[in-house]
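Those sequence lines, one after another, are chains A and B.
So in this note's numbering, spot 61 of the first sequence is number 62, and the numbers just go up one at a time.
So in this note's numbering, spot 42 of the second sequence is number 43, and the numbers just go up one at a time.
In case anyone wonders, no lab produced these hints; they're calculated from the structure.
Possibly wrong hints are sitting among the right ones.
If several chains are the same, the list does not tell them apart, and a pair holds so long as it fits within one copy or across any two.
Using 27 Å as the maximum straight-line C-alpha spacing, the simulated DSSO-like pairs for lysine-lysine come out as follows [as the list claims (entries may be wrong)]:
1. Lys49 to Lys147
2. Lys4 to Lys153
3. Lys128 to Lys217
4. Lys49 to Lys153
5. Lys88 to Lys49
6. Lys121 to Lys182
7. Lys157 to Lys26
8. Lys26 to Lys88
There are 2 protein chains.
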Amino acid sequence: MAKMILHGNFRSSAAYRVRIAMNLKGLEYDQVSIHLRNGVQFSEAFAKLNPAHLVPALEDGPNVLRQSLAIIEYLDETSPSPPLLPKDPAGRARVRALAQDVACDIHPIDNLRILVYLEKQLGHDQKARDQWYAHWIRLGFDCIEKVLAGGKATGKFCHGDTPGLADICLVPQIANAARVKLDMTPYPTIGRIHAECQKLPAFQKALPQNQPDAEK
Amino acid sequence: MAKMILHGNFRSSAAYRVRIAMNLKGLEYDQVSIHLRNGVQFSEAFAKLNPAHLVPALEDGPNVLRQSLAIIEYLDETSPSPPLLPKDPAGRARVRALAQDVACDIHPIDNLRILVYLEKQLGHDQKARDQWYAHWIRLGFDCIEKVLAGGKATGKFCHGDTPGLADICLVPQIANAARVKLDMTPYPTIGRIHAECQKLPAFQKALPQNQPDAEK
Chain A
2 MAKMILHGNF
12 RSSAAYRVRI
22 AMNLKGLEYD
32 QVSIHLRNGV
42 QFSEAFAKLN
52 PAHLVPALED
62 GPNVLRQSLA
72 IIEYLDETSP
82 SPPLLPKDPA
92 GRARVRALAQ
102 DVACDIHPID
112 NLRILVYLEK
122 QLGHDQKARD
132 QWYAHWIRLG
142 FDCIEKVLAG
152 GKATGKFCHG
162 DTPGLADICL
172 VPQIANAARV
182 KLDMTPYPTI
192 GRIHAECQKL
202 PAFQKALPQN
212 QPDAEK
Chain B
2 MAKMILHGNF
12 RSSAAYRVRI
22 AMNLKGLEYD
32 QVSIHLRNGV
42 QFSEAFAKLN
52 PAHLVPALED
62 GPNVLRQSLA
72 IIEYLDETSP
82 SPPLLPKDPA
92 GRARVRALAQ
102 DVACDIHPID
112 NLRILVYLEK
122 QLGHDQKARD
132 QWYAHWIRLG
142 FDCIEKVLAG
152 GKATGKFCHG
162 DTPGLADICL
172 VPQIANAARV
182 KLDMTPYPTI
192 GRIHAECQKL
202 PAFQKALPQN
212 QPDAEK
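I would like the entire structure built from these sequences, with the hints used as guidance.
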């Protein structure tokens, strides 16, 4: 079978999620780097893969997949081992909700196109944009920390003792938080799980700085 | 079995999604209205259901579920008929991506808390906020229209001839678009599918104006 092709960017935390998922499943893939600050996501070629002009997009033979959570569920259905979701519906809902806390309620609000709008259309300076960026991470992490610290299902990882979809979304968001030097002391459980994830080669290999298109 | 309890609000498009899903499956549920403009989502009682202070939350016996997409997948797993996702992984990924085009890349950016931040923290007037609101819907609908109009899998509904997760997310977002009088002429496929959905009692019954807490 032909190798899958991940169209992403070392800086994109949504692409980072897909890299972790593929690494956890031991899937081989080639990477095509979409230069976001140069606007390559608006090219005709990329629009054919994803008319939303957002990374990632994944080519799996004839199938072109978009939206990181949809891609990861696809990978989990087509390469079920190791599973990224628990077996029971309530557990699956818990993990998906944690993933969506990041993928719906933090990341899209802080995405590059929003920051560009805040700057170009609304005239906000770097300081206001950084405050915006940190604000939505804090609200999201406040919720996630409560769910993780108070949940009997929390283990070494977000759900039990194996990494899954929630960890896959959380770790790249922590990398984003670090970029604005967010104070992580209110989030000891998130921090503990992050450290646990970083021990795993699948997470290491997916780090932004370990990608072929990484800039200093 | 005890009836499920949906904590939502007639105005919340995320709660609206869950109402449609439950109606399609013929599930009975009670509703508790969380008054968002009065800040009831920040009450201690509600924070126990969802520490993110966002609606909806669904109580199903001892299970408390959050995040509308996670809730709908839970309902689809626990009450599989009629299914809200196709059987094949590529089809499921297509439907989930369309759902996430709304639930990740439009709705959270236009949510009440964002509009409040734009007003209170950043001092933007109603006109600037309406432009913001419409801008992100247009970007999202531009993508969704292309995917639907160009896709062989598109049928009477977003995917084939039965309503599913993508329709469930799309219809409430169209209601939001109508609130800012968004020009829908560039989106004929979205419009056609919307009209198709409105013929179904499950969608009718879920309309904001048909909820017990609806205001004029």
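Need the list of violated hint numbers for this structure, in ascending order.
none
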